[in-house]
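So the sequence shown is residues 1466 to 2052, counted in this note's numbering.
FYI, nobody ran anything at the bench for these hints, they're computed from the structure.
Just so you know, these numbers come straight off a predicted model, no measurement behind them.
Be careful, since some hints might not be right.
What the hints assert, rightly or not - Restricting the straight-line Cα-Cα distance to at most 30 Å, the calculated cross-link-like pairs of lysine-lysine (BS3-like) are: (1) Lys1947 with Lys2026; (2) Lys2026 with Lys1988; (3) Lys1988 with Lys1947; (4) Lys1892 with Lys1988.
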Amino acid sequence: MYRLYSPFIRIARHLWGRLPRFNRHVTTLLLALLIGVLAGYGAVLFRFIIRSIQWLFYQNSGDILHFAGTIPPHLMILLPALGGLIVGLLVHFGAREAKGHGVPEVMEAVALRDGFIRKRVAVVKILASAVCIGSGGSVGREGPIVQIGSSIGSSVAQVFRIPHIHMKTMVGCGAAAGIAATFNAPIAGVLFALEIILADFGLMSFSPVVLASVTATTISRHYFGDLPAFIIPEYALTSLWEFFFYPVLGVLAGLIAIIFTSVIYGAEDLFERIPLPGWLKPALGGAVLGVIFLRFPHVFGVGYGAINLSLVNELSFLLLFLLIWVKIAATSITIGTGGSGGIFAPSLFIGAMTGGAFGSLLQLGFPEITSSSGAYALVAMGGVVAGTTHAPITAILILFELTGQYSVILPLMITCIIATIVASTLKHGSIYTIKLLRRGVHIETGREQNVLRRLKVEDSMNRSLFTIQEGTPLQEIIETFKNQNAPYLHVTNARGELTGIISFRDIRPILQEEGLLQLIIAKDIATQNLVTVTPEDTLQEALDRMTSQGVNQLPVVTNGKLLGTLPECNITAAYSQALVRREIEEA
């Protein structure tokens, strides 16, 4: 595929080389603009392909609820199975990264490979996800478009040979553009990229991400109009008593988010044990989905039709309640068997049904002081998204942009924040990071901790030591600092055991006290409550202890005997070297 595009790549590099040389920030903004255009058209193309594939399968590209009754039962089962088979073959022979919901793969690329994503991923992801959703896979298009946009951003950075330090920003531009174009929500696109993908709100990241998001939104609005993704009812608080109900809804949304996350990964484990080739399992999942569609066509594809019905109060309490669990099962089957699609739209669907059911109960018990069930469905959409993604700011802003109503902000904030607290307290990791944790990849604040967990202290410690005895007088301690240029002196007893550490800061207050030079000994001024590591400890454990104690060096001991020291700079060097080795091995 690289050979196919290589003439265009050479032309692009030639034209780029002939442009005037701008400073780095202007160059980044120009590339962000280009990424916004490409990702915006990528989102438009993706939606067109989904509709085209649905028409090829069912001769109708509208909402399934309008024509489900016209599809023969055997075709309702066979067509999703055929779609699953095509998806399995595309992913297996095209790009394995296209499997699943896509966002964790982007997060992993940002953390481990400075944003490097293979160029073919965007093409395979568009085709695999479009076939999956168009044939009925119960997933969303938001996750795929994030991966598609991120792949476009990474490819642009590779084509124009952008330094690795800026490639992550290009990936964030693509992710923001994808979300913005899909939801017609440019602010939410920016926050999604900064909060989830990059975990960086710095100005150098913020400006290009905003430009890409606005550009993609403009393109999306040109083709689809300035319309929200859902039919949004007019929202208004009926009474202040409702502020007592929204915290309860937040707790409920957080618990549902935990169940959804747990069931998805439980389904992956279940289908992993089935003795079938990986490329064939999506076909099995499609057949099971077809059986579900016979009774509940609401969970077909992205499910926006059912969400709209819940928002305008046209679904009964029983159906709302049932659809929560049916959607969890349908999405888990799709993802668990190897389908390609996102979990953002399913989270919105599950939230809408949860809030709608909750609001219906409140309407029965407190009709005079509560809003319609559609209002609670709207707020709970944000709550479940916040609970699954652990990204409350993104969830709040997406729903706010969808409604354009300021009055929804306070209930949204209450519900989303409480849902996030409940979900993050009761379950470690979001629906995105758990996938990486299951691979042994630990991502926190942009650093891939799994690398440090595999490296031992003994391989990175300094074995040259500056030691003194406990009885060494102050005069000799000062001379040792002068002659050895040592940052620390380690104090040992007669048995060679470490008993303390002296830094130059410890002796500075008494340097001018000449009468004390022979009276004070090392034991008197040494710091004795020491934090240490052993040669068998990992570098991650050592770094955690440095961070908690606010120090930049730790002594390495075994059974009290001092063996060496571990400075923080050695950890950083070992981490960088390990990543370089990994990139060479993967090349």
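Hint check:
1. A hinted pair counts as satisfied when its Cα atoms are at most 30 Å apart, and Lys1947 with Lys2026 qualifies at roughly 26 Å.
2. Distance hint between Lys2026 and Lys1988 is fulfilled; the C-alpha atoms sit about 17 Å from each other, no more than 30 Å.
3. Restraint check for Lys1988 and Lys1947: satisfied, since their Cα atoms lie roughly 19 Å apart, inside the 30 Å limit.
4. Only pairs whose Cα atoms come within 30 Å are accepted, and Lys1892 paired with Lys1988 is rejected, the gap being roughly 47 Å.
Violated hint: 4 only; the structure is consistent with all others.
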